[in-house]
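Can you build the whole structure from these sequences, using the hints too?
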Amino acid sequence: EVQLLESGGGLVQPGGSLRLSCAASGFTFSSYAMSWVRQAPGKGLEWVSGINSGGGGTYYADSVKGRFTISRDNSKNTLYLQMNSLRAEDTAVYYCAKASYSSGCHLFDYWGQGTLVTVSS
Amino acid sequence: DIQMTQSPSSLSASEGNRVTITCRASQSIGSYLNWYQQKPGKAPKLLIYAASSLQGGVPPRFSGSGSGTDFTLSITNLHREDFATYYCQQSYSTPSYTFGQGTKLEIK
Chain A
1 EVQLLESGGG
11 LVQPGGSLRL
21 SCAASGFTFS
31 SYAMSWVRQA
41 PGKGLEWVSG
51 INSGGGGTYY
61 ADSVKGRFTI
71 SRDNSKNTLY
81 LQMNSLRAED
91 TAVYYCAKAS
101 YSSGCHLFDY
111 WGQGTLVTVS
121 S
Chain B
1 DIQMTQSPSS
11 LSASEGNRVT
21 ITCRASQSIG
31 SYLNWYQQKP
41 GKAPKLLIYA
51 ASSLQGGVPP
61 RFSGSGSGTD
71 FTLSITNLHR
81 EDFATYYCQQ
91 SYSTPSYTFG
101 QGTKLEIK
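From first to last, the protein sequence lines stand for chains A and B. Everything in the first sequence is counted per the working numbering, starting at 1 for the first residue and increasing by one. Everything in the second sequence is counted per the working numbering, starting at 1 for the first residue and increasing by one.
Hints in this document: simulated from the structure, not taken from any laboratory. A few of these clues could be false.
[Unchecked claim] No farther apart than 20 Å at their CA atoms in a straight line, the calculated lysine to aspartate or glutamate pairs in the EDC-like style are these: (1) B/Lys42 x A/Asp62; (2) B/Lys42 x A/Asp73; (3) B/Lys45 x B/Glu106; (4) B/Lys45 x A/Glu1; (5) B/Lys45 x B/Asp1; (6) B/Lys39 x A/Glu46; (7) B/Lys45 x A/Asp62; (8) A/Lys65 x B/Glu106.
[As the list claims (entries may be wrong)] Pair ranges (Cβ atoms, derived): (9) B/Ser74 x A/Ser85: 21 to 29 Å; (10) B/Ala13 x A/Lys43: 43 to 51 Å; (11) A/Asn74 x B/Ser96: 19 to 27 Å.
Glycine is no exception: its CB is placed at the ideal position from the N, C-alpha and C atoms.
Now the structure itself:
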């Protein structure tokens with residue numbers, strides 16, 4: 001059974017930093033790209049960042065580019081998101097999502113339960 | 001960036017009814033369109049990928065269609081557990097995926 005378990009969320013002051021983790025199990029982690037998707041309170045879904053299976057390719061939404069860093073440790077089956085210079089508008093539930101590819105289409109077939117990040121003074 | 005616009009933003013229906021949700025892309029995205037269902041306090045769940053392919057384990061009362069810029073998600077014979085928020089997502093401009101703003105389906 002595929003499981004994705006996020007951790008590391010919490011309350012942080014504006015300008016502060018936080019590192020999220022996502023522990024994966026039930027599939028060959030090193031074979032799949034992964035992404036972080038966030039959802040501000042009462043709002044829709046926003047793709048934040050993605051990383052390819054080997055970790056050599058990383059991608060970011062313009063809203064977080066230069067402030068967030070995605071990484072992975074395939075030996076530990078864990079995905080990370082280092083978030084620096086946090087702003088109030090970064091407040092959201094952050095989901096990690098397993099990426100897959102079928103019928104020529106990239107998709108997110110499994111999601112974690114999410115971890116809440118609150119940026120407030 | 002490709003913008004995704006869903007309509008309506010919300011709708012109400014009764015169990016047993018049929019509903020259709022529309023998603024429009026700001027440019028042609030072929031069939032690179034996925035649909036997700038999200039219930040309150042839960043993670044999104046993949047329903048449909050590549051515009052019309054049903055994800056494993058998803059009931060066949062869910063169906064998707066469309067290509068280019070216009071797509072639809074249809075749900076026939078609504079069950080109580082189908083009342084949720086639905087999101088479309090384009091995967092044409094990878095890896096910069098964008099989602100629609102969501103459509104909340106409520107019980108009438």
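Hints violated by the structure (numbers, ascending): 1, 2, 5, 7, 8, 9 and 10
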